[in-house]
Structure formats: structure tokens, C-alpha cells
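K.L.:
Use the sequences and the hints to build the structure in full.
Chains as they are written, first to last, in the working numbering: chain A, 1 to 185; chain B, 186 to 748.
In short, the hints are calculated from the structure, not lab data. By construction, the Cβ of each residue, glycine as well, lies at the ideal position given by its N, Cα and C atoms. Don't take every hint at face value.
Claimed, not checked - Pairs of lysine to aspartate or glutamate, EDC-like flavour, derived with a Cα cap of 20 angstroms: (1) Lys473(B) to Glu57(A); (2) Lys473(B) to Asp54(A); (3) Lys12(A) to Asp557(B); (4) Lys12(A) to Glu327(B).
To be verified - Only some residues are given here: those of chain A computed to face chain B with a beta carbon under 7 angstroms: (5) Ala20; (6) Ser21; (7) Arg25; (8) Ala63; (9) Tyr66; (10) Lys67; (11) Val71; (12) Ile72; (13) Ala166; (14) Pro167; (15) Gly171.
Okay, here's what each chain looks like letter by letter:
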Amino acid sequence: MQYTFVTLVENKPGVLNRVASLFRRRNFNIESLAVGRTENPDISRMTIVVECADDWEAHKIEANLYKLVNVIDVQDVTRQPAVFRDLALIKVKAGPEQRAEVNSLAQIFRARIVDVAADSVIVEVTGTEEKIEGMIELLRPIGILEMVRTGQIAMTRGAYEGTRRAPGANGNGWHGDEENALAEY
Amino acid sequence: MKLSGAEILWECLVREGVEVVFGYPGGANMPIYDAMLNYPVHHVLVRHEQGAAHMADGYARASGKVGVAMATSGPGATNLVTGIATAMMDSSPVVFITGQVAAHLIGGDAFQETDVTGITLPITKHNYLITRADEIAKVVREAFYIARSGRPGPVLIDICKNAQIEKTEFVYPEEVRLPGYKPPLRAPKADLEKAVRLIEKAKRPVILLGHGAIISGAEEVIQHFAIKTHTPVAMTLLGLGAFPASHPLSLGMMGMHGEAHCNLAIQNADLLLAFGMRFDDRVTGTLKTYAPHAKKIHVEIDPSEVHKNVRVDVPLVGDLKTIVSDLIPMVDEYEHDEWLQQIAEWKSEGDARSIMSWPDDGKLYVAHLIHDLWEATEGGAIVTTDVGQHQMWAAQYYFLEKPKRWITSGGAGAMGFGLPSAIGAWFARKNEEIWTVVGDGGFQMTAAELTTAVQEGANIKVAIMNNNFLGMVRQWQEFFFEKRYSAVNMLNPDFIKLAEAHRVPARRVTRPEEVKESIAWARQIQGPALLEFMVEQEDAVYPMVPAGASLHEMLRRPVRQAK
Ligand SMILES: Cc1ncc(C[n+]2csc(CCOP(=O)(O)OP(=O)(O)O)c2C)c(N)n1
Ligand SMILES: [Mg+2]
Numbered sequence: 001m002q003y004t005f006v007t008l009v010e011n012k013p014g015v016l017n018r019v020a021s022l023f024r025r026r027n028f029n030i031e032s033l034a035v036g037r038t039e040n041p042d043i044s045r046m047t048i049v050v051e052c053a054d055d056w057e058a059h060k061i062e063a064n065l066y067k068l069v070n071v072i073d074v075q076d077v078t079r080q081p082a083v084f085r086d087l088a089l090i091k092v093k094a095g096p097e098q099r100a101e102v103n104s105l106a107q108i109f110r111a112r113i114v115d116v117a118a119d120s121v122i123v124e125v126t127g128t129e130e131k132i133e134g135m136i137e138l139l140r141p142i143g144i145l146e147m148v149r150t151g152q153i154a155m156t157r158g159a160y161e162g163t164r165r166a167p168g169a170n171g172n173g174w175h176g177d178e179e180n181a182l183a184e185y
Numbered sequence: 186m187k188l189s190g191a192e193i194l195w196e197c198l199v200r201e202g203v204e205v206v207f208g209y210p211g212g213a214n215m216p217i218y219d220a221m222l223n224y225p226v227h228h229v230l231v232r233h234e235q236g237a238a239h240m241a242d243g244y245a246r247a248s249g250k251v252g253v254a255m256a257t258s259g260p261g262a263t264n265l266v267t268g269i270a271t272a273m274m275d276s277s278p279v280v281f282i283t284g285q286v287a288a289h290l291i292g293g294d295a296f297q298e299t300d301v302t303g304i305t306l307p308i309t310k311h312n313y314l315i316t317r318a319d320e321i322a323k324v325v326r327e328a329f330y331i332a333r334s335g336r337p338g339p340v341l342i343d344i345c346k347n348a349q350i351e352k353t354e355f356v357y358p359e360e361v362r363l364p365g366y367k368p369p370l371r372a373p374k375a376d377l378e379k380a381v382r383l384i385e386k387a388k389r390p391v392i393l394l395g396h397g398a399i400i401s402g403a404e405e406v407i408q409h410f411a412i413k414t415h416t417p418v419a420m421t422l423l424g425l426g427a428f429p430a431s432h433p434l435s436l437g438m439m440g441m442h443g444e445a446h447c448n449l450a451i452q453n454a455d456l457l458l459a460f461g462m463r464f465d466d467r468v469t470g471t472l473k474t475y476a477p478h479a480k481k482i483h484v485e486i487d488p489s490e491v492h493k494n495v496r497v498d499v500p501l502v503g504d505l506k507t508i509v510s511d512l513i514p515m516v517d518e519y520e521h522d523e524w525l526q527q528i529a530e531w532k533s534e535g536d537a538r539s540i541m542s543w544p545d546d547g548k549l550y551v552a553h554l555i556h557d558l559w560e561a562t563e564g565g566a567i568v569t570t571d572v573g574q575h576q577m578w579a580a581q582y583y584f585l586e587k588p589k590r591w592i593t594s595g596g597a598g599a600m601g602f603g604l605p606s607a608i609g610a611w612f613a614r615k616n617e618e619i620w621t622v623v624g625d626g627g628f629q630m631t632a633a634e635l636t637t638a639v640q641e642g643a644n645i646k647v648a649i650m651n652n653n654f655l656g657m658v659r660q661w662q663e664f665f666f667e668k669r670y671s672a673v674n675m676l677n678p679d680f681i682k683l684a685e686a687h688r689v690p691a692r693r694v695t696r697p698e699e700v701k702e703s704i705a706w707a708r709q710i711q712g713p714a715l716l717e718f719m720v721e722q723e724d725a726v727y728p729m730v731p732a733g734a735s736l737h738e739m740l741r742r743p744v745r746q747a748k
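P.N.:
Given below as C-alpha cells:
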């Protein structure tokens, strides 16, 4: 099953490499990883989609991420009320005759045609992974020339938070409210 | 006041309390070596950077402080790699400082340029590349804090040459701010209560002590806890010394070459209290049948160790000493006489097979030698080892009463560790007796450090267990490859002449009656001395749990009838 983790990291050079290296080293399979800036310039946010056997493996991933000094917070949002979005640019082989067909498909998926050339168009579609997969399936018979996807990003709805399974990690989760939970040095 | 980056580095090292560094100079760290002359830090010039890494590691384990090793860029840094990985696997706090080519040259395959932070990323707790002098103070402060706190480990700082030379205002950071790094201390009350309920119910509990028990300084509270709850105590290879071997509750070492009664106790336990250990495959045997009847409580500072190999019932994540101290007032006094009686029976069965009861047959056995060494030193020496059969015999027969006297490469099992780690330990504890027990194979990997010991006047004793084999590999070939010996028999140098060439007094011992006297001879020498013991060549370490077998499926030493 695919699990989605929202991870806050320090915005420093090399952090992406550390995360990627950790996943390879510990034998976790990344499906997609999207990284970008947040409201705080010192913090970047990664949305990591990973194939996990079960919650135990999800725990392992979360706890291992905390081994990285630059990782601040990890939440598993897989089963939380959350908004999941992926964005795809799809270049479709479409001369004047097919344009109408592509256009009507795009409307159904609330996608947009963002470029029109003599024999191709670029469709931009955002949404959940399933929606994008659905669109791709329908465009495939027409002829996909090129495609790029950003990878999934996610945000929990309202006051919901993701699951934190690693007790004691970075002062987050179960230990957050305990007195003297953290070591002082 | 403006200082060069190199000067700032030494200012910071002095403030961290660093008294000795182990290293080797080269083009990319010359400004650091030049500035060093103005600071009160002793530098030990090694013969190979691997030696520097293991010395800093040995120093860290013997002192409980952070060790420091230095090397130049490129080959200097790559020579450190085995030592860094060793420190990582055994949670040893060492700061490695490497020189790097100037920042503007990075990425151009400059002379002796290597991506050292890239290479060491998976074998350090954290690492840094410094391109500007004004980053140095903050990074060094962080590096020492990260290396020694939480679950300790190696931190590497790669400093570009221009950053060593540039001058900048020196401001020592008053505090460390790391939003992503907050080591846990206490476990929540509710979780402690869950643990207590399991402890109350247990009829056959066993405490498992790992390296964490020593790192956390928890030996006293653990003794208190074990006695109060009447619970026997087993130790991992790196946990040895955390609980006195002579204590009636001690079960000695667990695992692949652990005591049979200790492994049987674990397999029959109904509760395991794992304190600062990580259920390594060398201590569990196959996980399918590991401690099948036991509930498990895991006290551990690194959240990623929890449920990693063995799923546990109650994880308590935090500092071991703090958590066990919190548990003590919550538990009652229990009595487990029946359980201890059962274990005693297993033990007496094992004693009958013990090599210690063999009659003198004129041959030297490593187990006997270690016993003699233990007697001669009254169990009070600091013992470091190399890796192989001799290491396991030393673990089995040098009974330790106190922590921080046993220094061995466990997780990495790095041959070549013995001699340099002993030299490092000497710098931490100059007034104590220090022995390193090494094999004829591993000794040759770092033997060049003998002269380092002489140059420094390090008062260490080397005991080579010469079986003329890569013994541990030979044992596996004997047991599991139909005795087809492949690449385990090597032509050794004349170790006595080798020692003498290094100006180290040395003696070869071939007969049992020479053993005591030769140990006494080595002990009275001030400075390094070496003993070469010509031991039985094809002896095997028992008990042995074959890789992939269950912990209770041990190969046992065949019973030998007294003649
Ligand atoms: C650097 C390194 N290379 C290879 C090994 C594999 N290895 C483990 S024990 C051993 C044999 C060690 O022989 P020796 O030093 O003579 O000790 P003995 O087992 O004979 O006591 C070998 C080759 C290792 N642990 N470390
Ligand atoms: Mg040997």
C-alpha cells in the first residue's frame, strides 16, 4: 500500500540527498518525492510517497527519518482527512482534427490546454493521483508524446494532524506533553 | 579579534576540552597543522589514518569523552573510512576533521579532491562541508554536541582549505540550536506503568544489557533494579562490564558465542527487558524462533531501533539511566528462585564441557591464556581486542566487573582495531594497565602503529594469539564448508623481530609453563611490550549458534574426558 509522509526539514544544502540516501540505504521504495518551500524560509517541506507493507514499516520510515539531524517533523497523512494533489503536464499528439476531442476530455477532468502547436497540445491537469491516472488512460489512445508529473503533495484538512508513530522522536508526538521529556546539554 | 579559520578551529577544540588529537597531515590541512603549534593540544602522529580513527574511537570509549581524528583530503580522508564506520556501528562519539580542496575548486576533480561528505554520509551520525571561515565555530560546536548526545556517534567536518586560511571575527556560539535534533530523556508515565505491569507478572524475566547501558552510565541503577526485581542479567558483546561478571545474577554474554545457559534463559524467558541494546542478528539468531514466550520491554534512546528487528510490547524511548531510575520506585521486590535454579542447572551442564576443566596437554589454548591474563591483572586491566576467535575468547574469559574496560569492534567487526584502540585508550587512562588481545591476521592490518606507541611512550601490552590462521574464518570453513580451507592460512612475519624492529621488547611463548612468567615480564616493562603466544591452531570457539539457526541451537564443545 502507498503511504504518504509529510516531512519538515531544515532548508539547507544537501538535505534532499540525505533523505534520498536514507531511503536507498534502508531499502524503502520511494514512489514520489516532492520538495518545496514553506511559509517559513528556514524550513522546506517534503511529501514522500512510499510503498509500505504495513504500519510497522511506516513506523520504521518515520523513525529513520528522525535519525537525520535536519529532519524536524514527520507525519503519516495516509489515512487522515487531507488534500492530496499531483500536477501533470501531458503533451498529446493532436492535429486540428483531434483537438476538439482532447478539449472535451480536458473539460471533464477540469484540466487546461496550456499550449497549442501544429500537431500537439499540452494539457495541464491537477488533482489526486487517481484522477490524473484516469486522464492519462483516456489520452493514451490519442497519443501521449511526453509527460511530466510533480509527484504528490499533501496537506491535512482543518486542525487534523497526521499520525506520529515514533515515540520520543525529536520531542514530537507522544512525548511532547511530558515534563522534562527532553535531555538538556 | 580576527582569526584564521584554522585558529578558530583550535579555539573551539580547546573549548570543547580536547587534549589530544590523532591525525596525519597533508596538503589540504596544512593551515590546521600550522595553527596547531600555538595551542595546548597534543597531536599523535599515526602511521595510517585508519589508526587515527581507531585511536580516537578507543580514546572515546575509554574516557567517555569525544575523540578527535584528523586527516587531509582525498586519500587521507578515505583512509579514515573503516574507522568512521566502526565508530558508527558501535555508537562511539568521535569528531573527524578532514581538509578539503579550496571551495572554488570543488567539483573540478582537483588534486586530492574527494567527495568526503558524500562518502561518509551513510556512516556518520551527521557531517558538514565548510566553505567559509565564519561557519567553523558554529559547526564545531554542533558537531561535538551531536557526537556525544542522544545515541552518540561519529560526526565529520570537511573544511575547505580557503576556509582554514581566511580571517574572520571569532564568535564562540553560546548555545546550539538544532530544530531537528532533540534527544529524548524520559518515557511517559503511562508507558512506564505498562512496563511495570509486565514486570509484576513475569515468572522468568531476563535483563539484556547492551552498549547503551555503559554509554548512559546506568550500571548502578541497573544493579539496583536487577537486585530489587531479582532478575538475571545477560550482556551483549559491547555490554560486557555493565554488570559485574561475578554477581550471582550475571549470566555473562548472550548470542552467537554466548554462554549456553544465558541463551537458554533468553529462549525460555517470559519477559525480556532490553536495556540499550538493538537485537542485532549476532545476539538473536533467527528471529522466527527468538524468545518465543517472552513479552518484551525495550528501553532505547534511538526511536529507529524500536521494533526494528524485534517487535516489542512496551517501547520506552529515552535515556536508559533516567528511565530505569524512574522504574525502580514503581516496582516491588520479587523473588525468582525457581527460575534462577533452572538457569543454574543449565549452567552446571555447561561447566562440564568447559575448556577450563581440560587437563594440561602441553598446548596453549587462547581461553586458558585469557584466564591467566585475567588472573595476573586481577581482572582490572583495560582490554581491547581485534576481531576473530581471540576476540570471542577474550569476551568469554576476561571477566569484567566494571564498565569502560572492554573495548572491541562489535557492530563493524573491523580487523585492525585492537592495537590502535589500545593506544587511544592509553591517552584516556594513562595510569591503568592496558592490554590488547589480537590475532596474527588482524594485528598485521595496523601493526605499523607499534612505532606510534613507542614514539608516544604508550604503556600498552600486546598479546598476539598466533594460530597461524585467519582463525574465525577457518572455523566457519571447518563447520560449514566441509573443512575446505580457502585463503585462511598465511605466512606470518617473525613477530618478535617485527616488534624489535619497532623497538618494542617482545617474547614468544610456546609452552603453558612459560605463560605466567611471560605475562609478569611484560607487565613490569614501562612502555609497549609484545607477547606472541603460539596457540593451538585448529581450536574452535564454543558454544556457537550457526548463522541463521535458533539461539538455543548451539554447537557445543565436545566433552573431553580427563586422561
Ligand atoms: C577488515 C576485515 N576483513 C575481514 C574480516 C573477516 N574476518 C573476521 S574474523 C577473521 C579472521 C581473523 O584472523 P586473526 O586476526 O588471525 O584472528 P583469529 O580468528 O585467528 O583469532 C576475518 C578474516 C573482518 N572482520 N575485518
Ligand atoms: Mg589467527
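K.L.:
Next, verify each hint and record whether it holds.
P.N.:
For each hint, the structure was consulted:
no. : hint                  : verdict
1   : Lys473(B) to Glu57(A) : holds, 18 angstroms
2   : Lys473(B) to Asp54(A) : holds, 19 angstroms
3   : Lys12(A) to Asp557(B) : violated, 56 angstroms
4   : Lys12(A) to Glu327(B) : holds, 15 angstroms
5   : Ala20                 : violated, 10 angstroms
6   : Ser21                 : holds, 5 angstroms
7   : Arg25                 : holds, 5 angstroms
8   : Ala63                 : holds, 4 angstroms
9   : Tyr66                 : holds, 6 angstroms
10  : Lys67                 : holds, 5 angstroms
11  : Val71                 : holds, 5 angstroms
12  : Ile72                 : holds, 4 angstroms
13  : Ala166                : holds, 4 angstroms
14  : Pro167                : holds, 5 angstroms
15  : Gly171                : holds, 4 angstroms
Consistency with the previously given hints fails for numbers 3 and 5, ordered from lowest to highest.
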